[in-house]
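Student: Chains as they are written, first to last, in the working numbering: chain A, 1 to 323; chain G, 1 to 323; chain U, 1 to 323; chain B, 1 to 323; chain P, 1 to 323; chain Y, 1 to 323.
One should not assume that every hint holds.
A pair counts as met if it fits within one copy or between any two copies, since identical chains are not told apart.
With a straight-line Cα cutoff of 20 angstroms, these simulated PhoX-like cross-link-like pairs (lysine-lysine) come out [what the hints assert, rightly or not]: (1) Lys238 / Lys115; (2) Lys288 / Lys177; (3) Lys5 / Lys238; (4) Lys139 / Lys115; (5) Lys288 / Lys5; (6) Lys87 / Lys4.
Just so you know, the hints here were simulated from the structure itself, not pulled from any lab data. Since the structure is predicted, the reported quantities are computational estimates derived from the model, not experimental observations.
6 protein chains.
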Amino acid sequence: METKKIFDYQVDDNMALFVLIKGADVRIAKNGKKFIAFTFADRSGEISAKFWDASEQDIELFEAGKVVFLQGKRETYQQNPQIKIYKLRLATEMEPADPSLYLQSAPESTQDMEKELDEVIFEITNPNWNRIVRYLLKKYHAQFFSFPAAKKNHHDFAGGLAFHTLSILHLAQSVVKEYPGLNAPLLYSGVILHDLGKSLELSGPVATVYTVPGNLLGHIVLVDEEITEACDKLGIDKMSQDAILLRHMIVSHHGLLEYGSPVRPHLLEAEILHHLDDLDASIMMMNKALDHTAPGEYTERIFGMDGRNFYRPTEDGSLAKPE
Amino acid sequence: METKKIFDYQVDDNMALFVLIKGADVRIAKNGKKFIAFTFADRSGEISAKFWDASEQDIELFEAGKVVFLQGKRETYQQNPQIKIYKLRLATEMEPADPSLYLQSAPESTQDMEKELDEVIFEITNPNWNRIVRYLLKKYHAQFFSFPAAKKNHHDFAGGLAFHTLSILHLAQSVVKEYPGLNAPLLYSGVILHDLGKSLELSGPVATVYTVPGNLLGHIVLVDEEITEACDKLGIDKMSQDAILLRHMIVSHHGLLEYGSPVRPHLLEAEILHHLDDLDASIMMMNKALDHTAPGEYTERIFGMDGRNFYRPTEDGSLAKPE
Amino acid sequence: METKKIFDYQVDDNMALFVLIKGADVRIAKNGKKFIAFTFADRSGEISAKFWDASEQDIELFEAGKVVFLQGKRETYQQNPQIKIYKLRLATEMEPADPSLYLQSAPESTQDMEKELDEVIFEITNPNWNRIVRYLLKKYHAQFFSFPAAKKNHHDFAGGLAFHTLSILHLAQSVVKEYPGLNAPLLYSGVILHDLGKSLELSGPVATVYTVPGNLLGHIVLVDEEITEACDKLGIDKMSQDAILLRHMIVSHHGLLEYGSPVRPHLLEAEILHHLDDLDASIMMMNKALDHTAPGEYTERIFGMDGRNFYRPTEDGSLAKPE
Amino acid sequence: METKKIFDYQVDDNMALFVLIKGADVRIAKNGKKFIAFTFADRSGEISAKFWDASEQDIELFEAGKVVFLQGKRETYQQNPQIKIYKLRLATEMEPADPSLYLQSAPESTQDMEKELDEVIFEITNPNWNRIVRYLLKKYHAQFFSFPAAKKNHHDFAGGLAFHTLSILHLAQSVVKEYPGLNAPLLYSGVILHDLGKSLELSGPVATVYTVPGNLLGHIVLVDEEITEACDKLGIDKMSQDAILLRHMIVSHHGLLEYGSPVRPHLLEAEILHHLDDLDASIMMMNKALDHTAPGEYTERIFGMDGRNFYRPTEDGSLAKPE
Amino acid sequence: METKKIFDYQVDDNMALFVLIKGADVRIAKNGKKFIAFTFADRSGEISAKFWDASEQDIELFEAGKVVFLQGKRETYQQNPQIKIYKLRLATEMEPADPSLYLQSAPESTQDMEKELDEVIFEITNPNWNRIVRYLLKKYHAQFFSFPAAKKNHHDFAGGLAFHTLSILHLAQSVVKEYPGLNAPLLYSGVILHDLGKSLELSGPVATVYTVPGNLLGHIVLVDEEITEACDKLGIDKMSQDAILLRHMIVSHHGLLEYGSPVRPHLLEAEILHHLDDLDASIMMMNKALDHTAPGEYTERIFGMDGRNFYRPTEDGSLAKPE
Amino acid sequence: METKKIFDYQVDDNMALFVLIKGADVRIAKNGKKFIAFTFADRSGEISAKFWDASEQDIELFEAGKVVFLQGKRETYQQNPQIKIYKLRLATEMEPADPSLYLQSAPESTQDMEKELDEVIFEITNPNWNRIVRYLLKKYHAQFFSFPAAKKNHHDFAGGLAFHTLSILHLAQSVVKEYPGLNAPLLYSGVILHDLGKSLELSGPVATVYTVPGNLLGHIVLVDEEITEACDKLGIDKMSQDAILLRHMIVSHHGLLEYGSPVRPHLLEAEILHHLDDLDASIMMMNKALDHTAPGEYTERIFGMDGRNFYRPTEDGSLAKPE
């Protein structure tokens, strides 16, 4: 059995490997027949492929979330890699058919992230915030360490939610060091909980979609209510200043009403959280695009960065000639 | 004792009456001395007055919320009524010194409003919504029937919150009649609870200001959490469709993210609630301004209507000449 | 002869019926050959179909506005119904070839609408407005009761203009009842005339397009001039307050300059007309989309509602699982 | 009798001269007494002055539109010229009491402007447009040559409307010469009529205010209806292409819906008219402000130019030092 | 050898001619095979064509910038002209294979434009501006007279930069004549240099793309630095008023920050330059679209004019019937 | 000689001390007499005071930039501290009359900042960037270490430019540590030069105003040209990739065109610089306002933070009661 991954194959190589079906859109070709537009994935990345003249049975079999054995050839289409499919069949039970084997995941292990997080929680010296944070991390432990931070755009991989949270925490620690007088426990508590509502807004790490509560309420409202419930269970007055400040951190973290925060930041620490969240997500989106871009070229236009493209400088300092 | 009210006096009349100090701003005149810019109120309306050369003792005595005996003369300043103060003293305990005697209030009695409301609740045939609505109206009964619907702009009088809610309910009933197939229980429940969070966002009917939770969380988040708490107490699953739909009604009722709703309406009934809320508030603001405007003139520019002024037509159909 | 309508057929049923060609776009397939993208319609609704390898003669024959006899099969494509065409020919003179037999129309008969309208006109007690309204309704009687209210989006069916007008009138009557002191004759006159300019802006009920005057002047300007002409014919001074107020109602009814009103509403009744027009159009658009949406699903994104989609709740209260 | 004009006096000069009261706002001073904030004008310009401790009789006497004999001293207040009033009385009938003697007016005589206009009309070779233009210029001859082009901002002087129109006509002639193929008769007709509605929107050259029709309909709608009436009188079909094109020129000339045009330009000549109108108004506003600005200084912020200020360069090329 | 040009052929004519490949996008058809979407050009204009089933060798051969001998048929597709390709081969060295033979170019010869420009430079009486303008025109002479003024939209032909500059100069001369007191030398200098930075921002007249400095700095910054360098070489103080004023003209000429000017115009002449630049570009875009539009029809929507389409009136004054 | 500073005095204390006149606006009181609205400053902060009945001589003497001996009393006016002036005279030469003694300055010494900066420059391993940075820091050494970073809002104190730059550098170092693969030399070079143009845009540390070049070109354009000049002097090709990248860092650092960057960031490091600049300025503005705010209160509305106010929590966790 071949164990090479998708991006171990070069253009024009014949391929034979197990992959996860991440997306499977059924469309109709101009000749009137149906085809399936696949997105295949493994831990080396994602790639597209078209399956022409699909029968109703094919459509039923090859759904998103299934693992398949794929034979084909790697090609290039409009500067993007794609696969020409020769043959496709479902993986059997005897084969590596578990979808989680094919998911991209955070560059750090769950254990390492847990350990780092524990150290920061230790610095949350306010007992109310400390207890709320611990309570909610315990309740949503599984989701926090397995969910992506978004459906697409940035940190859209298993464990992305925890990894995004930790990156912001590191930046927050630097900010605390640079500006004396900040309320570090408040800032850290806000960072840890700011996106926890995604546990309820998104469906999970595989074939991620928005849940109905996610669509109708959004992760900001969903986590606010989790905090008040935590206050209830822990005997903390939800209208006390401690509770209000922490809730404000989460509720305002999108920064602008237009981005879905019902109030704008009115605490120094809330404004900082908003900036750091934005910075980390931006760097993640740019890096993801630059990784696939050759020196002297521009990335594709990035939707989450207002449609801008980014230049990757040449390494020898020579200027790319206009094409 | 004189029982005439503020607006029973005509321009140039000498006045002597009890009034409530609704606002008392201390400023410094160009001659370097302090003066108090008063807003006096009774049930006939509000009027301004300046108190020149105020001593520190005057400033301490004549605070917002106090009832005073006022002697002066009604004048006009830049087309607005104002009072020239001759004499001012606090009301004694023997006199009508209770502020609530001077508050403007809803044009309907609390009993009438309660009765009307009860009839509508009878039409909320979904048991979950019915119980949540009853639970919260009971919990916030006092506030619901005494609070204003806003700090200023519209329904800024005692009982304004209940009165605003009922006006929208009446419109909602007409809409239900006009468009078959609407979910009337959902619409009515949403209407009743949509502004209940103002009970927590505002400080009360007299000298109304925003509370800290009101500023940092806003009434939309504050009431959402009350609904989930109600679910908890009533044994209703807060993640059930019933709970999510009702919460969505409230959470989306400002219509646009820019207006502080964390999500836009994604239910037919939520979109309708937003329209009716807007319509009732607009009519209230325009009527309030038109009430003080002579035929053939324009109202002042109304802040809450994007700074527009409104024309009050002459009664005989003649066109006002340009001034 | 088969008398079943389009939506009487289920998916995979063979079909044989007369339909109206509502749209017929000629495109080129990737194989280099032409095809026609049809929209077929009858009173049960509209459906798409592709006609592959179309000859020049086919293109000439099968134009929008023609009635054809269609044989094919009902299918589903990307969750939308569509037809696979087996055979197509023009209807002959002996057959039901009159396009008006296939137009969707208002859910109320013209007589009923006329009667309702007459009753409201009776309440327009101002003689000038009453005469102008009667004059213009008489002049544009045919168009008023047969035109759609828009080219697409809302009330885009025969009689839609009258039906939309009546729905707003009903809401206006409720508002008049709720808020004492409104100028009901002005409001009703404004409602009746507000969209009458569409008689000149649009080409008619079948294969509706914008006329050149519609494109270059718009229905607001077109109807304003009709009112001044009516004044002329009826001996009413077009610069009298009555005329100016009525014209303002129409001219400002889009509410915002950005939406094509050259002035914003500066009359209480004009502001109300704007709100009710918006509300009725919104409900119509949402209902049209929800009608084709299964419980537990979202509608398509509605262009006229800022691209939002709307959730249709399940009937048993269970929450749809994320797909 | 003194014949010096306002700006013939230098700072600290004693003044004694007749002036027109252009504005007279009654306000209340911090000492509780009324004062009048005057704007005095003659053909040399406008200047402010405060009249302290005004009696009710003073207020009644010294209204906008009256001519007064003023004694005082020229001073400077916050870098703007102002007058300290010593004495003020109404001009008697024996004195130069006609307000028109004090109005600023166009730098060209009415005769000259008429003659120039006639020459351009000669170039309007399309008979329909020629007749409509002549008809309306005849009907509004008095207003066209005496009204300002705006209440303030630009061309706010007697004859400003005609002068603004002619400036644009000159630019239009240059554009016609530069770009072959333009429809010159259409462009010239549009230029001549574009602001004629100001004859109805504004009250006149002295103490200019908006009329009620001006406020409720705006000059664009008001002139459109004049054109259709002209068509009527002249036997031109108002729905002919000629009439529609001309009306589109006027109706679209503000360029953007946000600026009050109900449709945007969809004719080449309409787009050009919009640009030239904008250019002439901008130059007028900048020049008006620069005229009162010393070399090396900035003008005040100009409201009609988005609040920008403009630099007047030094004449010797030296750079003004930062203050 | 055939010497007819592309638009000398009518629809359905067989064609055989040399053309330049202006664009050659490789795409994949729904049948899975590659095709090339060509834009062919000669001095009569541009036209599209699809080359089906393209081999890798075809793709390599038929690149943008190459001259080919084309055999095919002129057709119409969605109201746009296109070519059905029968045969295609590269032009040989013996044939007219020089791309510059096929480029559209300015309607005026370089000599004529140079002469006109020289005359205007003569009017730049300020010696500093005169020397800077001459210096830079000399340095960038080749580019100024051969580059387009933009990659697409307006003046996108060889020599477009010079032609656009001269058109604005002509308008500027008319403005100088109309408004006495303008600083003509400053205005003319600003006009001449305003787009010179395009010499560095764009790659050249054929297959025009943005250079890396063009993308990362933009033509405004690129030319500003050229002016300061010119000051250096010519011994002019780059912080003198003369230098600052000239640089401000260029730096502010996009008018709004949103359009890429780092400062808005704060000189009368800078504001005028912005208006004239905008006017000339707009006329060019509209004329380009109207040239391909039949009387009684609308142009396509023009991207650079906010997506508006423009009506081309019929010549006999009849109104086009709604389609 | 008194050595207490302004804020060493409590409310109602009599004061006698030397202060710097930071602002001196002459206004006219309602009694018609002139007064001076002073802003006095020393290293403890700034405070307002009104000087009533000012003579022309007073106005001439007491200009901004002068040091005076002030006798008065500290008071409170609308919650802001102010001084009631008893007596005022200019400081003599024998007294501490040097304005720089009264300027607020960076919390770090110039030496310390220089040393820190040197260490970072050491990490700029690219020789071109290293040389440009050193060249410009040497040329503008005095300004870099003495100028404020802005006229008001943030870092508006002597040395603010260097201090702001260093704060961003520290954040940049943390970011470099967190995200492997960043181009640290490019980021650091960009940070150091990003605001250096303020040396030319502003007039200096005392009585800071914008220079004419600052107004007409802005600091972004001013520094870009300094970099190209540096390239010239150092023999670095200004169109090389190194030069273009560095210039792009500076030119794009405002992030949005609306904020005055002629291009948006198209390099990962440029986007990061923009975020960190924004974050540091925001924290500085919030901290400045919070420093003057009591626990449980809100700051004034901060112009540079979109007019938001910020809550300073109480220290004991109790919630401030609504006033």
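Student: Go through the numbered hints given earlier and state which of them the structure violates, listing their numbers in rising order.
Tutor: Of the numbered hints given earlier, those the structure breaks are 1 and 3, listed in rising order.
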